[in-house]
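Colleague: Each chain is listed here by its residues.
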Amino acid sequence: MRRRTWLLAGVAATVAVIVALLMTGLGRDPSVIASPLVGRAAPNFTLPQLDGPPVTLSKLRGQVVVINFWASWCAECQVEQAALDQTWQHFQDSGVVVIGVNFEDSTGAAHSYVRAHGVTYPVVEDAGSQAALAYGLRGVPETFVVNQSGRVVNRVFGPVDAAALSSEINSMLLASPR
Amino acid sequence: MNAAGTLRRARPGLSGLLVLIALAAALATLVIVAVGGHPPASQAQQVQQIAAGLHCPICKDLSVADSPAPLAQRMRQEITQELRAGESADQIRAGFVAAYGDSVLMSPPRQGVAGAVYYLPLLVLATGVITAFALLRRWLRAPQPDPPGAGMPELSAARRRAVAKAVARLREEEPG
Numbered sequence: 001m002r003r004r005t006w007l008l009a010g011v012a013a014t015v016a017v018i019v020a021l022l023m024t025g026l027g028r029d030p031s032v033i034a035s036p037l038v039g040r041a042a043p044n045f046t047l048p049q050l051d052g053p054p055v056t057l058s059k060l061r062g063q064v065v066v067i068n069f070w071a072s073w074c075a076e077c078q079v080e081q082a083a084l085d086q087t088w089q090h091f092q093d094s095g096v097v098v099i100g101v102n103f104e105d106s107t108g109a110a111h112s113y114v115r116a117h118g119v120t121y122p123v124v125e126d127a128g129s130q131a132a133l134a135y136g137l138r139g140v141p142e143t144f145v146v147n148q149s150g151r152v153v154n155r156v157f158g159p160v161d162a163a164a165l166s167s168e169i170n171s172m173l174l175a176s177p178r
Numbered sequence: 179m180n181a182a183g184t185l186r187r188a189r190p191g192l193s194g195l196l197v198l199i200a201l202a203a204a205l206a207t208l209v210i211v212a213v214g215g216h217p218p219a220s221q222a223q224q225v226q227q228i229a230a231g232l233h234c235p236i237c238k239d240l241s242v243a244d245s246p247a248p249l250a251q252r253m254r255q256e257i258t259q260e261l262r263a264g265e266s267a268d269q270i271r272a273g274f275v276a277a278y279g280d281s282v283l284m285s286p287p288r289q290g291v292a293g294a295v296y297y298l299p300l301l302v303l304a305t306g307v308i309t310a311f312a313l314l315r316r317w318l319r320a321p322q323p324d325p326p327g328a329g330m331p332e333l334s335a336a337r338r339r340a341v342a343k344a345v346a347r348l349r350e351e352e353p354g
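Residue numbers (the numbering used here), protein chains in the order written: chain A, 1 to 178; chain B, 179 to 354.
No lab work stands behind these hints, which were simulated from the structure alone.
Where a beta carbon is used, it is the ideal one built from N, C-alpha and C, also for glycine.
One thing to keep in mind: the hints can contain errors.
[Said to hold, decoys possible] With a straight-line Cα cutoff of 20 Å, these simulated SDA-like cross-link-like pairs (lysine to any residue) come out: (1) 238(B) / 74(A); (2) 59(A) / 71(A); (3) 238(B) / 34(A); (4) 238(B) / 157(A); (5) 238(B) / 139(A); (6) 59(A) / 158(A); (7) 59(A) / 122(A); (8) 238(B) / 158(A); (9) 238(B) / 33(A); (10) 238(B) / 104(A); (11) 238(B) / 275(B); (12) 59(A) / 88(A); (13) 59(A) / 95(A); (14) 59(A) / 148(A); (15) 238(B) / 248(B); (16) 238(B) / 277(B); (17) 59(A) / 91(A); (18) 59(A) / 46(A); (19) 238(B) / 138(A).
[As the list claims (entries may be wrong)] So these bits of chain B aren't anywhere near chain A, every CB distance computed over 12 Å: (20) 196; (21) 198; (22) 202; (23) 221; (24) 231; (25) 247; (26) 251; (27) 252; (28) 255; (29) 276; (30) 279; (31) 280; (32) 353.
Construct all of the structure, not just a fragment, from the sequences and the given hints.
Modeller: Structural data, given as structure tokens:
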């Protein structure tokens, strides 16, 4: 009798574990792959700007940096363009920098895109995809938010949402007043 | 003792020596193959091997070695540069894992939760074998059913005859 109780308890425990695993797996979006960079120091880069001097990430320490990987051939990048511009216009005097990192593109196409869409924030070229590989890029658009200490605090896969980005930046600015 | 006789007596010693040399050469060859393994891979082969173990991050089910995507080409270039800089294959893989996570590896790592992929089937197999063994042992040890009449007291010859007579009498008395 005792043996039967143990057997039933074992079967019940196994079923419970399987159900828990299934529920965890079903509740997760398989297209969202967590970045190992979140919580770690943002990889440094120095990249040439389309119109201006090269940009070095480490020199922006103390500011919130929004790094947006994009390309002129990327349709979804156009979707988030207004949100990024809005964020830059709203926060550029509050210690926030938005950097557009052009990925797998030609300089001419990047220039045309910037002019056509009226991009006002700094745009750099990642011609050798060194920054893309360092950030573990899986496609464009992809955005990394770096805090004042130089740590990656968030990674957005796909177009950013202006309200969510603003809220995140606000909380970071409030957490460490200048 | 002439020269021919000397040569004949010397032959067994010479052939033994030749056999010893041949055996030593064979042993040396085996040792070289076992220790040295394959000839050292060229850099292109090393790049191919490392790239074949990495997932192309922007493709579906393609390795960096097989993918024609520009990012996969960049990754192959990166591997080449890092090999030239003297980094080992493990260091190069670790660099990609640091940026992309374990999902960049074509085969899941043997450590952590992902290691269950390797060890769980063995655990299930071992549990199955143990269960089968226990059931078989139980089945073999199970008491056999008693034959008919087992446990009854032995009848003496006189009683057996009396029972036979009684049965015969009853049969005669049966109607029809």
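Colleague: Evaluate each hint against the coordinates.
Modeller: Hint check results:
| no. | hint | verdict |
| --- | --- | --- |
| 1 | 238(B) / 74(A) | 18 Å, holds |
| 2 | 59(A) / 71(A) | 25 Å, violated |
| 3 | 238(B) / 34(A) | 17 Å, holds |
| 4 | 238(B) / 157(A) | 17 Å, holds |
| 5 | 238(B) / 139(A) | 12 Å, holds |
| 6 | 59(A) / 158(A) | 27 Å, violated |
| 7 | 59(A) / 122(A) | 14 Å, holds |
| 8 | 238(B) / 158(A) | 17 Å, holds |
| 9 | 238(B) / 33(A) | 14 Å, holds |
| 10 | 238(B) / 104(A) | 19 Å, holds |
| 11 | 238(B) / 275(B) | 18 Å, holds |
| 12 | 59(A) / 88(A) | 18 Å, holds |
| 13 | 59(A) / 95(A) | 13 Å, holds |
| 14 | 59(A) / 148(A) | 11 Å, holds |
| 15 | 238(B) / 248(B) | 14 Å, holds |
| 16 | 238(B) / 277(B) | 19 Å, holds |
| 17 | 59(A) / 91(A) | 18 Å, holds |
| 18 | 59(A) / 46(A) | 10 Å, holds |
| 19 | 238(B) / 138(A) | 11 Å, holds |
| 20 | 196 | 61 Å, holds |
| 21 | 198 | 58 Å, holds |
| 22 | 202 | 52 Å, holds |
| 23 | 221 | 20 Å, holds |
| 24 | 231 | 16 Å, holds |
| 25 | 247 | 9 Å, violated |
| 26 | 251 | 9 Å, violated |
| 27 | 252 | 4 Å, violated |
| 28 | 255 | 8 Å, violated |
| 29 | 276 | 6 Å, violated |
| 30 | 279 | 4 Å, violated |
| 31 | 280 | 8 Å, violated |
| 32 | 353 | 55 Å, holds |
This entry does not satisfy hints 2, 6, 25, 26, 27, 28, 29, 30 and 31, going by the numbered hints stated previously.
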